[in-house]
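Chemist: Sequence:
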Amino acid sequence: MPQAQFSVESAVRRLREFSELTEHRMGLKPREARRAHAAFQLLATGPPSDSKSAGQSIDYFEFLQRVKTLTGNDGIVLCAAGLGPSAIVNMKDAVRVYLPSKLKQEWAGFKIGVLQALAKNYAKATKQVYGGVDEDSRILPPIEPQITGTANFTSGPEERGKSPYI
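For the sequence shown, full-length UniProt numbering assigns the number 1 to the initial residue and increments by one for each residue that follows.
Some hints here could point you the wrong way.
Claimed, not checked - Label pairs and their computed distance ranges (CB to CB):
| hint | residue 1 | residue 2 | range |
| --- | --- | --- | --- |
| 1 | 116 | 41 | 15 to 23 Å |
| 2 | 26 | 5 | 14 to 22 Å |
| 3 | 93 | 14 | 29 to 37 Å |
| 4 | 24 | 48 | 35 to 43 Å |
| 5 | 94 | 26 | 21 to 29 Å |
| 6 | 50 | 108 | 38 to 46 Å |
Claimed, not checked - Subject to a maximum C-alpha distance of 16 Å in a straight line, what follows is the list of computed EDC-like cross-link-like pairs (lysine to aspartate or glutamate):
| hint | residue 1 | residue 2 |
| --- | --- | --- |
| 7 | 92 | 59 |
| 8 | 111 | 50 |
| 9 | 111 | 17 |
| 10 | 92 | 9 |
| 11 | 92 | 62 |
| 12 | 102 | 9 |
| 13 | 111 | 23 |
| 14 | 104 | 23 |
To be clear, the hints were calculated from the coordinates, so they are not data collected in a lab. Built from N, CA and C at the ideal position, the CB exists for glycine as well.
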């Protein structure tokens with residue numbers, strides 16, 4: 001059975017309803033949890049390059065990256081579990097591109113308490129399995145060189161400034 005095409009507004013409305021339902025349910029159904037876990041795995045490993053569905057995986061991967069940039073890991077759980085990869089891949093390109101920005105604009109209207117806890121657990125589990133940098137970690141500034149001056153490659157005062165290799 002073909003899925004109905006989403007508009008940006010209908011997708012946001014569906015995700016808002018899903019966030020409220022998840023809050024009241026206090027968790028995800030097993031199928032939704034598998035979708036969220038798979039989304040974090042995809043972000044950690046990148047899309048497969050040898051698969052027949054690589055194009056679809058790349059579309060989904062890029063969508064998840066935009067969602068993570070704009071709404072964080074909570075948005076990944078929301079979109080992956082609430083819509084699913086098939087619905088996202090089958091969206092028109094314009095909807096897939098504009099949806100993360102619209103989510104960010106309306107993010108205050110979403111119930112995300114449970115989603116935050118789930119996102120933290122999925123991100124932590126993915127980091128333990130695949131490695132990577134935590135969202136809360138800080139990048140250290142580059143280390144400045146501590147030794148300054150010039151090297152003297154000669155052995156005596158009469159040959160200062162000349163290299164012994166010339």
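Chemist: State for each hint whether it applies.
Modeler: Going down the list of hints, with the structure as the test:
no.: 1; hint: 116 to 41: 15 to 23 Å; result: holds (20 Å)
no.: 2; hint: 26 to 5: 14 to 22 Å; result: violated (32 Å)
no.: 3; hint: 93 to 14: 29 to 37 Å; result: violated (19 Å)
no.: 4; hint: 24 to 48: 35 to 43 Å; result: holds (36 Å)
no.: 5; hint: 94 to 26: 21 to 29 Å; result: violated (35 Å)
no.: 6; hint: 50 to 108: 38 to 46 Å; result: holds (42 Å)
no.: 7; hint: 92 to 59; result: holds (11 Å)
no.: 8; hint: 111 to 50; result: violated (38 Å)
no.: 9; hint: 111 to 17; result: holds (9 Å)
no.: 10; hint: 92 to 9; result: holds (13 Å)
no.: 11; hint: 92 to 62; result: holds (14 Å)
no.: 12; hint: 102 to 9; result: holds (8 Å)
no.: 13; hint: 111 to 23; result: holds (7 Å)
no.: 14; hint: 104 to 23; result: violated (19 Å)
Of the hints listed earlier, those the structure fails to meet are numbers 2, 3, 5, 8, 14, in rising order.
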